[in-house]
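Chain order of the listed sequences is A and B. Numbering-wise (this note's numbering), the first sequence opens with residue 1344 and increments by one. Numbering-wise (this note's numbering), the second sequence opens with residue 1344 and increments by one.
Derived from the structure by calculation, the hints contain no laboratory data. Errors might be hidden in some of the hints.
Chain A regions said to be covered by chain B (calculated; three or more residues, Cβ under 8 Å) [stated by the list, open to error]:
#1 1354–1363
#2 1751–1758
#3 1881–1895
Lysine-lysine pairs mimicking DSS-like chemistry, simulated, CA-CA at most 30 Å apart [unchecked claim]:
#4 A:1370 x B:1920
#5 A:1469 x B:1472
#6 A:1881 x B:1403
#7 B:1410 x A:1905
#8 A:1892 x B:1664
#9 B:1522 x A:1434
#10 A:1663 x B:1837
#11 A:1905 x A:1809
#12 A:1608 x A:1472
#13 A:1881 x B:1410
#14 A:1401 x B:1892
#15 A:1609 x B:1469
#16 B:1472 x B:1608
#17 A:1403 x B:1892
#18 B:1767 x A:1837
#19 A:1522 x B:1401
#20 B:1609 x A:1609
#21 B:1608 x A:1434
Here chain B is said to cover these stretches of chain A; the calculated rule only asks that three of the stretch's residues, wherever they fall, bring their Cβ under 8 Å from a Cβ of chain B [said to hold, decoys possible]:
#22 1722–1733
#23 1781–1793
#24 1909–1916
Backbone N, C-alpha and C fix where the C-beta goes; we use that ideal spot for every residue, glycine too.
2 protein chains.
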Amino acid sequence: MRRLRLAMAQINTTVGDFEGNMARILKAMAEARSLGVDIITFPEMAVCGYPPEDLLFKSKFVDENMKSLEAVIEASSGLTAVVGFVDAKEKLYNAAAIISDGRLIGVYHKIYLPNYGVFDENRYFKAGKETPIYIIAGIGVGVSICEDIWFEDGPATAQAYAGAEVIINISASPYHYGKWQSRQQMLASRASEDIAIVAYNNLVGGQDELVFDGNSMVFDEKGGLLARGRQFAEDMVVVDLDVESVFNSRTHDSRWCQRSLLPEKKPWRLTRVVVSEEPSKGAGPPLPPEESFQQPDRFAEVYDALVLGTHDYILKNGFKKAVVGLSGGIDSSLVAAIAVDALGASNVVGVVMPSRYSSPGSSRDAELLAKNLGIVFLTIPIEPPFAAYLDVLGEAFVGTKVDVAEENIQARIRGNLLMALSNKFGWLVLTTGNKSEMAIGYTTLYGDMAGGFAVIKDVFKTNVYKLAKHRNAVAGFELVPATVIEKAPSAELKLGQKDADTLPPYELLDHILAAYVEEDRGVEQITAMGYDEAVVRKVARMVDSSEYKRRQAPPGVKITPKAFGRDRRLPISNVFKG
Amino acid sequence: MRRLRLAMAQINTTVGDFEGNMARILKAMAEARSLGVDIITFPEMAVCGYPPEDLLFKSKFVDENMKSLEAVIEASSGLTAVVGFVDAKEKLYNAAAIISDGRLIGVYHKIYLPNYGVFDENRYFKAGKETPIYIIAGIGVGVSICEDIWFEDGPATAQAYAGAEVIINISASPYHYGKWQSRQQMLASRASEDIAIVAYNNLVGGQDELVFDGNSMVFDEKGGLLARGRQFAEDMVVVDLDVESVFNSRTHDSRWCQRSLLPEKKPWRLTRVVVSEEPSKGAGPPLPPEESFQQPDRFAEVYDALVLGTHDYILKNGFKKAVVGLSGGIDSSLVAAIAVDALGASNVVGVVMPSRYSSPGSSRDAELLAKNLGIVFLTIPIEPPFAAYLDVLGEAFVGTKVDVAEENIQARIRGNLLMALSNKFGWLVLTTGNKSEMAIGYTTLYGDMAGGFAVIKDVFKTNVYKLAKHRNAVAGFELVPATVIEKAPSAELKLGQKDADTLPPYELLDHILAAYVEEDRGVEQITAMGYDEAVVRKVARMVDSSEYKRRQAPPGVKITPKAFGRDRRLPISNVFKG
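Work out the full structure: start from the sequences and follow the hints.
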């Protein structure tokens, strides 16, 4: 029986950490060797981390990446491996090295370069023009990279038709909620249509605004899921591939002969490289049974993405501890909970900063939350500096009415206090603004927006509640106090202020925002969906006029198909009304 | 004699301002008509403004752009015009409409889409595949867009070889110092090599971080400059083109026959459209003599770029007045002078915010500058809020040493005060950090970095001095006081602090920064240029570790080939040491 033992190393790389990434690669190779694996795969650009962005313009970065690859090749005795790296030829290529037993067998160059959403690959890379098939242990294996496999009748299909029975795709596919389902659906179709085993090795880990969710998958030639890597955690997926079955399925598929022709001209050509004709020993140690896969609840999934993104941002940037301003509201409560799950309670500090407008309940709720989370908390009143500001501004402000200027001073005092603690003790400040607020500018620049990482900037307010309830359900008690969840949202920057005084209800607001921001619908189109035109227009104007604030916001975890940041690039100077 | 009267409308468009842009287009068309012009041209995307970025994903934006074009077509009686717009077909194209006497004659689609530096055109557009020649008044005219003309043997050359005697290129080419010279050189070569008149119509005006510098140019077929549009200002360049001379030059060029063959296969095909065979009336009113062109001094040019960029950012974003914190140092003095030149003295407010560490000279210098500029200035001491911060932080800071935390509190108080004035009175805050400081992070996030526009963020410190001296020379007196220029740079955030205590001299620093930031050289390469390795390494590390600050910085005018911003996209989470 023709078979292959395949390992997919779902590792968490760091951009520019050649040493650390190599250590992960070599460790996985050693483990694979001990398991009698025939071929091991690694994610896209495993050697240098993804996405390296303009580091690619630094020749030393590219050189170190080539040197790392050399070291991986040298360490590959007794194994075949597929390793993502940057290939420096006359131009740069997003590449996969196929290495075997200490030799570089071949290099695949990514053909379809994504240049949409968060991606700018045309900025850096030239597109590949060859779809090679490697004969490994006598079996035809096609290799491609990420985007390449998303095209029907693309490189993977061409490889299958030309004899590849196993299709390997190494990937760095960023998370948004539900994306793994569309990946799974696409990969299952690719496998069943191409009658090939499809092994999809995704990256895992946080990198600035992106979280790579892992979820590597292997499908049999009927599109059945054989194995899956963990979500949001490193993993090594080892699976025995029954290639005999691919042959049988193809033989019994009446349309296979006709389908194995490609009448259209494609921008690539097929090549064929023999690595080894000797069949797999096929007798590695028995593999443990796969854990059964529990489809996660959407909010559990998003919560875990936020935890991983926060953890990796803080640690990859050399911080250990984080500080959060606790207002007693739902946003800061959720952020504190995520921080504790990411870093441990001993690495999170809460700061309560009451003002003359804070309700007594707010400080009480904040304290209760801190106690529930087991974190240290400080109380620093903002009244003395606030009074001092009003005093020194007295002359300049003479004859003016109290307005948003005085509100923002308070938010900015809090920002300044948190940054002072950050500067003094090396804690990273986590900001607490949600996507609804970021969208309409219901935040204070340099105030509550001040900090290193904006944990929930891509989470709409209505979902903030759902995530808090999810976390409480996991805890089995009211970790986020019920009073926090039940109170009316308020910035508490003036007397008796409530969000609802100036904003539509969040249930309504979030629907309008999703249509305007994430789907690029115009006011007329959204009104036609059944919303009040005046409300839609007001919301759209608030979004448009807050672009300058978002441009100065810290990064945060992308969890939706369109997050603020690299995903949505709008001019600040712009008079268009959508 | 075969001739054409050509007008190039060098207009200042605003992104999304369909009404305003159209008004400019129609006004220029009316003027051209009165001057007996045969053909008038407008910049790239004149209808919608450039660059529209992700507004292109909004269908209403694209629709309004198409409607504007319709209106321009209707208004084109008696004229032929080339107008930049976005063409909505199955995909979007960066396009030029060729319209004549109320009809759309044809549409050219940009072939070479820039996707480097600040450009992301592959994100939005499909590349064109045709290089049309239009017969206008019996004369062959080739039309292309911006990047297309930068390629030797590109679309313009193909059009020339196929009979075009006049090559029109509509453009939106952003400024950096010296760029117009390289444009001029390239265009002169294109004209003389293709033996064709080349008319290059550039955009003018500021758009977020970009300034388009105008400098539209017309060359005869020998590469001689016939006319030039103003730099940094709207203009209408009208010139009589002697096409007869092109014919004669080609006839007398012994290599023209051989050269008019294109052996290689190109990714486009030539087309030919007759607009009018009737010769130009050729008898518009006589044109005034061209003003003689004075090559500007480099610092005069950069200064003007900063003024236009600041003016347009403020006005296009709906502000009228600006406020600047005046420290008595060179950076804030220069920014205030630029603001006055951009907005007028009555629209600029200076704020002096002395602290316990301010030298008496600083306030005096700031006051003198404000008087020289004729601007209102306020004095707001920061001591009372500073004392209040230290007081409320006393418990948290117990047992710690005074360090950068206390320094930053002061800078952030100033930021908070300026933002309070902004919120109260609607003044836009201009920040004063220069490129040297932005590079190494010698700035306080939410402190001196707080504001709407960072006027000199792309100007190295050594050049800040040169710009101040230039401005003084124009003024004819010490507008920026000599004491400001002569004093040793200091942030004055602790007693006796001088930049030179912790930083290399700026003359040295700026050279290292230019190599590391603008040229992407590594530490080893820069050391090999003759600099001390320890200094280079320290500077490189400071640059690397300040990426998170730059990500939260306000936009500012790009004046170098590589500015911070869209031009330089580095990850924050990154452990690579260059």
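Cross-check of the supplied hints:
no., hint, result
1, 1354–1363, "holds (count 6)"
2, 1751–1758, "holds (count 5)"
3, 1881–1895, "holds (count 3)"
4, A:1370 x B:1920, "holds, 24 Å"
5, A:1469 x B:1472, "holds, 20 Å"
6, A:1881 x B:1403, "holds, 17 Å"
7, B:1410 x A:1905, "holds, 28 Å"
8, A:1892 x B:1664, "holds, 19 Å"
9, B:1522 x A:1434, "holds, 25 Å"
10, A:1663 x B:1837, "holds, 29 Å"
11, A:1905 x A:1809, "holds, 20 Å"
12, A:1608 x A:1472, "holds, 12 Å"
13, A:1881 x B:1410, "holds, 25 Å"
14, A:1401 x B:1892, "holds, 21 Å"
15, A:1609 x B:1469, "holds, 18 Å"
16, B:1472 x B:1608, "holds, 12 Å"
17, A:1403 x B:1892, "holds, 24 Å"
18, B:1767 x A:1837, "holds, 16 Å"
19, A:1522 x B:1401, "holds, 23 Å"
20, B:1609 x A:1609, "holds, 18 Å"
21, B:1608 x A:1434, "holds, 22 Å"
22, 1722–1733, "holds (count 8)"
23, 1781–1793, "holds (count 3)"
24, 1909–1916, "holds (count 6)"
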